[in-house]
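Visitor: Sequence:
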Amino acid sequence: MSNVSYWAADHDAATAWYTELLGMEPYFQMPGYAEWRVGDYGHELGLIDARYAPQPLADVPGGAVLNWHVDDIRVALDRLLELGATLREDIRERGEGFTTAAVVDPFGNVLGVMTNPHYLQVLADATPDAAAAQAGHPAG
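UniProt numbering applies: residue 1 is where the sequence shown begins, and numbers increase by one.
It cannot be assumed that every hint is accurate.
[As the list claims (entries may be wrong)] Using C-beta positions, here's what the derived DEER-type ranges look like:
(1) G112 <-> G23: 16 to 22 angstroms
(2) G95 <-> P54: 35 to 41 angstroms
(3) P54 <-> R92: 17 to 23 angstroms
(4) G95 <-> Y33: 36 to 42 angstroms
Simulated from the structure, these hints should not be mistaken for lab results. The beta-carbon is built from N, C-alpha and C at its ideal position, and this holds for glycine as well.
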């Protein structure tokens with residue numbers, strides 16, 4: 001994945017919510033669109049005003065879940081819920097250190113979070129300081 005886009009009928013409120021969640025302003029904005037670079041690889045999170053979405057819009061959250069890797073899934077899930085997301089699936093052990101959870105943001109988008117040792121291995125392989133990346137703390 002290099003980009004994921006979420007829709008929001010109240011684009012201004014959603015932009016403020018994601019800015020609070022991520023702890024940073026979007027790096028790119030134009031009317032009806034905001035974009036952040038997030039994560040170890042600077043992937044793009046786009047937020048699009050729902051009036052530009054293909055019609056008709058679904059009235060329930062979709063079935064696909066894009067998971068964002070986090071260092072501590074409990075902390076990440078608690079933060080999402082604190083900011084007003086609704087629990088879709090509580091933390092679930094998937095085996096071999098792989099855990100997932102999912103919420104629905106206040107704008108109807110499904111957000112997944114995960115811990116995954118395979119992700120950390122890929123990160124370590126692509127990082128000059130492999131030991132730091134393996135521990136979940138890439139060198140700066």
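Visitor: Starting from the range 16 to 22 angstroms, see whether the pair G112 and G23 falls in it by beta-carbon distance.
Guide: holds, 19 angstroms
Visitor: Does the Cβ-Cβ separation between G95 and P54 fall within 35 to 41 angstroms?
Guide: Distance hint for G95, P54 holds at roughly 36 angstroms.
Visitor: May I ask you to test the hint 36 to 42 angstroms on the CB atoms belonging to G95 and Y33?
Guide: Check passed, 38 angstroms falls within 36 to 42 angstroms.
Visitor: If you check the beta carbons of P54 and R92, does the distance land in 17 to 23 angstroms?
Guide: With a Cβ separation near 31 angstroms, P54 and R92 fall outside 17 to 23 angstroms, so the hint is violated.
In summary, the structure is inconsistent with hint 3 from the numbered list given earlier, while agreeing with all the others.
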